[in-house]
Amino acid sequence: VTGPFRLVKGGLIERGRVLQFSFDGEELTGHPGDTLASALLANGVRIVGRSFKYHRPRGIMSAGVEEANALLDIGNGAWREPNTRATDVFLYDGLEARSQNSWPSLGFDLFAVNDRLSRLLGAGFYYKTFLWPPRAWKLYEHAVRRAAGLGKPTRLPDPGQYDERFAFCDVLVIGGGATGLAAARSAAESGADVMLVEQDRDLGGWLLTENATIAGMPSRTWAETTGREIARAGVRILKRCVAFGVYDHGMIAAVERRAEPGQERQDQSLQRLWKIRPKRVVLATGAFERPLIFANNDRPGVMLAGAVRSYLYRFGVAAGSRVVVATTNDAAWKTAFDLASSGVVVAGVIDLRPSPPKALIDQAKALGISVSTAHTVVAARGAPLKSVLIASLSDGTRQEIACDLLAVSGGFTPAIHLMAHTRAPMSFDLKAGRFQFSTLPKEIVLAGAARGLSSIETCIEDGLAAGGGEVGSPCSGPTPLAVVAETTAIWRVPAQLKQKGKAFVDLQNDVTESDIGQAAREGYSSIELAKRYTTLGMGTDQGKTSGLLGAAMLTEEQGRAEIGAINLSTIRPPFVPITMNALVHGRGGKAIEPVRETPITPALQAVGAVFMNSGLWQRARYFPKTGESMAAATAREARAVRQSVGITEVSTLGKIEVAGPDAARLLDRVYATGVKTLAVGRARYGVMLREDGMVFDDGTLWRLADQRYLVTASTANAEQVTRHLEFFRDVVFSGNKVDVASVTEQWAGIAIAGPQCRAVLSTLLTEDFSDGALPYLAVRETTWMGEACRVARVSFSGERCYEIYVPADLGCKLWDSLLAAGRSHGIVAYGLEALETLRVEKGFLGVGHEIDGRTSPFDLGLKRFIKKSGFIGLEGLQRPAFQRGDRLELVGLMSQSGPITEGAVLVTETRHRGKPDGQVTSVAESVVFGRSVALGLLKAGSRRFGQVMFAVDHLGGSTPRVDIVAPTMFDPEGARLHA
Amino acid sequence: MQLISCPWCGPRVETEFSFGGAADNAPNEVAGAAETELKRIMLRPNVRGRQSELWQHVSGCRAWLRVERDTASHEIFEVSLTGTHRS
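Chains A and B supply the protein sequences, listed in that same order. Straight run, no breaks: the first sequence in the working numbering ends on number 973. Straight run, no breaks: the second sequence in the working numbering ends on number 264.
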């Protein structure tokens, strides 16, 4: 027998095997089949943690996912899981558990002083106390955060694996208790494809905690047998799998625990995310028992009556040795009877009803249990519990009863959480004691205890009805929700009987009855506001046992109880806390996004490229020689392009073909720059605007044939530009003869630039590349190695340049051939850094730098390219704000003193106040000017050339003095482009 | 997660699609008067309820689709092809 509170027989535990585990360093034992909670109780551990705010000692209060007290830290190192419900962890050998939120130790907690100071720490104390002075919050925060709160997460990366599955079915049954099993059976018998998910490790739900008989067998045997039968009938059963959310179009998300919290498993995934698309859902999610509200109702030893039975029957554990049962309904009486039959002393049953069913009273008498009707518990004493104070509802007579366990039941709240996720409008009818939905979805139905039924027979019947019906048809109609068979839905001690001491509504967040009263008095009339003010139901238990109680109290405190309906705060997914990694299911690290390699990547690697991310693309940043720094390599590469020749890869540019009789018309509408006058065999600079007039992207347009164009887009915007053109093809120009196709990945592209580039190119291609045959902005379609080859004379560096495109699989060959052909000319490979340097010197625009979504073509000095009418963005550009003359405009910046920083602000004095006049958008260490140059956006910048300003970098502390110049700093006449 | 039935590809999850706004907000082949166009661009109705929308099946056939959808409940009533795909 493991532990002093383990009964000699009974329970669904493997008594033959013993598991070792520890709690706060103490070595304890349990059995397979135990939860951590049942094993702790068996060992007589009563206090398992300190509460969130007042640091009051707390014990286990439930036997399920609703647990609000027993949140423990499980496991070691990177495998550690904080805030884990002891009731939702199955014991394994070597499990290590620790209590949370106590310092220095569970027995002696310094912050327990908060309990004494609680008058200062009522609802909203946080907002009131720490408001003033505003700066002081920084000082308080550290202390406040340390005193309040739960477990600490590990800072190590999660070593566990997670995976994901998709599933489809006709009927999904959520919950494997009596109702769910019945529903799955009738659904399977009707020929449907059925799935059943059960959050527990075993099927049965409440049946596991019952000694009832179904179809001539013990209820737990019935559950097991039915489980086997439906599995044979083809029902897919997922155990230890909790459906945590209902999402759009009926998608159900569930997480299957494939290992227990803290368990170190390398061989398989720890958790599996299921995305299930059922045609129909049966919510057989059962009900949560509600606690009672009285002074010190949070003492270790106060437990839900159903949980006490669960520990007794399922785990063979007596949760106490001398028990008092306090109830508002019939169900908890069974707990008293079962305990007494198992030899546990039952010191009394306290029922607030004046006349509970006579049969119950008779049975109690037969078992020698004293009964007090029309009585209620008014206070608990001792931590852990030593006695309870009860009072007569009629005359107030009080009596103290010694006990170490108080089993409470304030009725049952149907677990309608998943139905609430559908946003079905919902309230709670106080008089009838039931939830009301004004409309319900067609595909989801509540069944059994989840809609207020209580007896096993009616639940099974309800399940059979809910699961049946024609396959593929919607639910046979959500039956009206049944009335909960109770005399009172909500219970708390009447004012005249109240005792001193905190009466908790929300145990996890330490929200008391008086906090709710205070919120009501301070005018928090809406439950949504009162919830946020008091933090009611905002813990990780999401108010499973407290939400309805708190909402009912608020209604009552406001004197609105006679209205009869309680509004509840919005219930959102997830139903239980979910590990973030289960949602990401391992798509972290390298798997976070795909990597796009260009067709030339191998050739770039071969010549020692250092790569960088450019969107998803891997692009060559620079090509260092041995021991060379990035700055040195960049300068060398850029200088080579200016002085002789260099090549760089341009495959990542978006390349989109637009063809058909109406191609020119479509492009003319999309581009703000001229299209119609572009001759066959020529290329042109093109700018696209957004509808509001801001620059969207720039690139080049090539007219390959009369009705065939190729347009290029920036690497960053390639996909958006393709989508934009497809939108015009399908939606705006529907019915016209034009098609759009992205050919970005079909072509490998290399730019060869520099004064000697033509000489190198001529050794490779036999065509005539003289300026007469291929002038600046001309395009040539030719062949290379017997394959198609396109050459365009365009430039992004200000030097003579040819962009050469060949089919993707010839890319590496072209790269190598160009390097070989240029060897005698001292050819270099240059990367993005050098490309940037060359671009900035020349004043060309960069997407994400100057084209930042806030600049118009006028701001960027593109006015001369813009047409007069007929293009997207025209109307936006005509808005008055664009004409005012005080907009930020593109300028060049040349440093007089040291490097300019990207993002630095442009000001007239280093010690400036207020808004700066502009900012630096791109920088380069210029090889031609021998100093730092930059592009920037400056207020009325085009009229300020010649001024001197400061480019202040507040982060780095640099304040270089800069000359404001025209953006085209290098070769403004364009002589080198044409030369 | 919404399921959109692409006429080419069948029911697919919304992550394969990209939203393109209300169909009424799309420009026409030939621009109207500046004032009308500015109104269309800047003053967009934010409909709660049924609306005709444009979605592109970017991770599928890349067709732009017209989707009749409720913006509050996310119910989808009809999905049809646009433009060139119709023929």
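Do not rely on the hints blindly, as some may be mistaken.
A few chain B residues facing chain A, derived, Cβ under 7 Å [stated by the list, open to error]: (1) Ala203; (2) Leu215; (3) Leu220; (4) His251.
Not the full set, but computed from the structure, chain A residues with beta-carbon under 8 Å of chain B [claimed, not checked]: (5) Tyr241; (6) Val726; (7) Gly870; (8) Leu871; (9) Pro874.
Calculated directly from the structure, the hints in this document are not laboratory data. Where a beta carbon is used, it is the ideal one built from N, C-alpha and C, also for glycine.
Comparing the hints with the structure gives:
1. With its C-beta approaching chain A no nearer than about 5 Å, Ala203 of chain B sits inside the 7 Å limit, and its interface hint holds.
2. Residue-level restraint check for Leu215 of chain B holds (minimum Cβ-Cβ distance to chain A is 5 Å; threshold 7 Å).
3. Look at Leu220 of chain B: its Cβ only gets to about 12 Å from chain A, farther than 7 Å, so that hint breaks.
4. Satisfaction of the interface hint for His251 of chain B is found here, the shortest Cβ-Cβ separation to chain A being roughly 5 Å, below the 7 Å cut-off.
5. Hint status for Tyr241 of chain A: holds, given a least beta-carbon distance of 5 Å to chain B, under 8 Å.
6. At its closest, the beta carbon of Val726 of chain A sits 6 Å from a beta carbon of chain B; the interface hint therefore holds under the 8 Å criterion.
7. At a threshold of 8 Å, the smallest CB-CB gap from Gly870 of chain A to chain B is about 6 Å, leaving the interface hint in force.
8. With a cut of 8 Å, the hint placing Leu871 of chain A at the interface with chain B is violated, because the nearest CB-to-CB distance is about 10 Å.
9. Interface hint status for Pro874 of chain A: violated, as the beta-carbon distance to the closest one in chain B is roughly 11 Å, over 8 Å.
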